[in-house]
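The residues making up each chain are set out below.
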Amino acid sequence: MQRIVRVPQDGVPVTEARDVAADPSMGRKFSIKTDVVVVGSGAGGSVVAYEMAKAGKSVLVLESGKYYPSAEFTEHLGDTIHEVYRDQAGQANSTADVLFIEGNCVGGSTVIGACVMHRLNPSVWQDWADNHGLKDLAPDKIAPYTKIVDRWLNVHVNEAHEINATAHKVIQGCERMGFSWRPVERNVKKCALTGHCLAGCPSDRKMSALVTHLPWAAAYGARLFADTHVTRVLERGGRAVGVEAVIRDPKTGSIVSDLRVDAEVVVLAAGAIHTPLIMQRSQLADRSGRIGNGMAVQPFVQVLSTFKEPVYGFRGALTGVQVDEFQDTDGYFFISGLAEPEQLMAVGEQKAGDAHIEFMKSYNRMAGINAFSLDEGSGSVVWEGGLTDGRKVIKWNPSRKEFKDIVRTTALASRILFSAGAERVWLPTFEKMHADSVFDLDDKLRSVDYGINGLYTFRMNTFSPHGSARMGVDPYESVVSPDGEMHDVSGLYVADASLFPTPVAAGPQWATQVFAKYVSDRILARGSNHFLG
Amino acid sequence: MTTRNQAADAVAPLAQVSRRRFVKTALWGTGAVLALAGGSFAILRRSPLDDVSKPASLVHLSAPEYHLFNRAIEVLLPIDDGGLTPVDQVPVMANIDHTMGLVDPAVREDIRIGLALFDNAAVVAGLHGRRFVDLDRVDAIAYFDSWSRGNVLQKALQTVVKKFVYVSYWRDPATWPPVEFDGPVSDRWGIAYLGNAPLPDESTSDTASGEARA
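Taken in order, these protein sequences are the chains called A and B. So the number in the numbering used here is just where the residue sits in the first sequence, counting from 1, plus 264. So the number in the numbering used here is just where the residue sits in the second sequence, counting from 1, plus 1223.
Bound-form chain A, shown alone (with noise of 0.2 Å):
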């Protein structure tokens, strides 16, 4: 007999906390029985429901964020992005210097990002093949799922309509430089060219989870619950047999309701940090010790050019093209972009009376490139404190080489400005700096000091953090076994960026979804390990 599988024509399912205080039938403590409970609904728990209940699993998503529907974004960053983004936007490292920005919604970070489906380089699959013992991630195995992922989430490269202002500026330097330049791949539909990604898309174009996989997995019969938090993953005798959760009011906190889910297969999907705060918090057995340790962060930097006529770099698609001519030798690279005021001031602007007003004048003629670089892969997350009164400490500041590097980034990306035309590289210090020709710039940059662990000096962001329950065949080297699955915990899967087996210079949502699809077919292939029917 075949069966009707319709998706909805807008927005998805969702138990929310206002639903469950509502309805008297669930009180304040109740317990779901289900096949896999998927922790996390972004880039790789999305994947993991839509796979799962295709296969005919009941599948149940907790997600911590709150649902956000695309109908209520008003492309204002300020209205919105206190509903979408994780701690408001502040989550920092332990010295405030660092923004870990990252979305805390139902569709997690692939609401907010800016469609950047960054594909990883096939050397990167190769190098994991053949020197992590991960063979069935070597290049001509991992195709089709990357085939897949670009194929379902309209991955394709930018079209010259998409190349926007700031875009072209990037160009016309690189061409100048000689420096080797793309179109940004993304994951859009008929981009309506609004430029707003980071406050949601209204109008459903991006590709995210909430409207992709997530309505997908609901089709077949996927369970969604927001605001609800693990606290910890249940296990006896080695296997995983579920989670427990409280579900929080949004608004006041407050808990409106225990929860403890039955599963055969956990499968979490919280992203780099929260996932190894997850298993800490469950005291996982891990003869790695390696569980939050190893956390790549990508860091980056936003340099900003005055040009002596407008440009309007604001306009058009936010993300246009990359410059990939350091990502394989040094592991830069660069994405042209500029954003909306507000997030100039957010990212900590410096500068202070005439100078910020001379500043914010020159909006109309500036261009920007958000400058990323590989690290060494030293952070780490670690929870401190009880299971539901503790707090997360994330830890990285930058090494005296990646403090090499971030000047280094700094420094090309306002060559590229300079060679394009710019007149003055606003450079992104804490202390208030700017640069108005090369010579001056190098002489800038050597002015800042790495002092104690390069506290204050850039202005760091990072959207990427991954590689913190790394992907390994050696459980006293990694947390995850090749299948995804945790070395020491028979049914507990890990499917998003924390399985990075090293760090890697490229954007993670691409390559979390093609190892959230990957760790789906693991999962269904050893289904005879974990279902019992």
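Careful: at least some of the hints might be erroneous.
[Unchecked claim] Which residues of chain A face chain B? A few of them, derived with a C-beta cut under 7 Å, are: (1) Gln273; (2) Gly342; (3) Asp468; (4) Thr476; (5) Glu606; (6) Met609; (7) Gly612; (8) Met624; (9) Tyr627; (10) Leu719.
[Said to hold, decoys possible] For each label pair, taking beta carbons as the anchor points, the in silico distance ranges come out as: (11) B:Val1408 with A:Gly502: 53 to 61 Å; (12) A:Asp707 with B:His1283: 38 to 46 Å; (13) A:Thr516 with B:Glu1332: 16 to 24 Å; (14) B:Gly1324 with A:Arg710: 41 to 49 Å; (15) A:Lys625 with B:Ala1286: 32 to 40 Å; (16) B:Asp1424 with A:Lys293: 38 to 46 Å; (17) A:Leu651 with B:Gly1324: 25 to 33 Å; (18) B:Asp1304 with A:Ala424: 36 to 44 Å; (19) B:Glu1403 with A:Leu498: 50 to 58 Å.
If you're looking for bench data, these hints aren't it; they were derived computationally from the structure. The beta-carbon is built from N, C-alpha and C at its ideal position, and this holds for glycine as well.
Chain A is fixed; fit chain B onto it per the hints.
Coordinates of chain B only, in the frame set by chain A:
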């Protein structure tokens, strides 16, 4: 109106820093040094503004904090040539007050200590001999600039003050037309809503399962 994100973002530097024992020690340590240098930390130097009350509409800011931000707005946003939206046409102070109200109470207390330090430290830092609220524009700008080159705590504190002020001003749509930022456009442009993507076509042969297991 300022939203919770501005609160979290504006205070992120101090909120996080203040949780660090060593920096907290540094905060108090600096205060102690100042106290030794200029008398009692809390009253390093009286200001004529100490006798001026705050507007009744402000709920979360204390009178000294109101005076500090008032001075910070004046010196950070000297919009007097008609080029940008005048500060008095944007509810900057109300936004700051609202933002302060969204901050976690424990963090808010740390911020209050930090703001008091920022205000009082001007008496000795740079040998101004006056609190920040009494500095003239040139000295106030110099104070901000010197703290942007200062130690970790100074950088964090001046960043907090700037973020409160700048985010509270630039988040208001009234500030956008002079810099030609378009703001929300989808409704204005009549952008059609596309809704959810249809289920993917899995009938083609390049399914991962098929090829990966082949």
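Comparing the hints with the structure gives:
Because the closest C-beta pair between glutamine 273 of chain A and chain B is about 5 Å apart, less than 7 Å, the hint holds. Taken as an interface hint, glycine 342 of chain A checks out: its beta carbon lies about 4 Å from the nearest beta carbon of chain B, inside 7 Å. With 7 Å as the threshold, the beta carbon of aspartate 468 of chain A comes within range of chain B, its nearest partner Cβ sitting at about 5 Å, so the hint holds. Annotation: threonine 476 of chain A was flagged as interfacial toward chain B, and the flag holds, the nearest CB pair being 5 Å apart, inside 7 Å.
With a cut of 7 Å, the hint placing glutamate 606 of chain A at the interface with chain B holds, because the nearest CB-to-CB distance is about 5 Å. The criterion of a C-beta within 7 Å of any C-beta in chain B is met by methionine 609 of chain A, whose closest approach is roughly 4 Å, and the hint holds. At about 6 Å, the closest approach between the beta carbon of glycine 612 of chain A and any beta carbon in chain B falls short of 7 Å, and the interface hint on this residue holds. Taking 7 Å as the C-beta contact cut-off toward chain B, the hint placing methionine 624 of chain A at the interface holds, the least distance being around 6 Å.
Of the supplied interface hints, the one on tyrosine 627 of chain A holds, with its beta-carbon coming within about 4 Å of a beta-carbon of chain B, less than 7 Å. Contact between leucine 719 of chain A and chain B, as hinted, is supported at the beta carbon level, the nearest pair being about 5 Å apart and thus within 7 Å. At roughly 55 Å, the beta-carbon separation of valine 1408 of chain B and glycine 502 of chain A lies within the given 53 to 61 Å, and the hint holds. One distance hint, 38 to 46 Å for the beta-carbon pair aspartate 707 of chain A and histidine 1283 of chain B, holds here, with the actual separation near 44 Å.
About 21 Å separates the C-beta atoms of threonine 516 of chain A and glutamate 1332 of chain B, a value consistent with the hinted range of 16 to 24 Å. Distance hint check: the CB atoms of glycine 1324 of chain B and arginine 710 of chain A are about 43 Å apart, consistent with the given range 41 to 49 Å. Taking 32 to 40 Å as the suggested C-beta distance range, the pair lysine 625 of chain A and alanine 1286 of chain B conforms, at roughly 33 Å. At roughly 43 Å, the beta-carbon separation of aspartate 1424 of chain B and lysine 293 of chain A lies within the given 38 to 46 Å, and the hint holds.
At roughly 29 Å, the beta-carbon separation of leucine 651 of chain A and glycine 1324 of chain B lies within the given 25 to 33 Å, and the hint holds. Against the hinted window of 36 to 44 Å, the Cβ-Cβ separation of aspartate 1304 of chain B and alanine 424 of chain A comes to about 40 Å, which satisfies the hint. A hinted range of 50 to 58 Å for the beta carbons of glutamate 1403 of chain B and leucine 498 of chain A is consistent with their spacing of about 56 Å.
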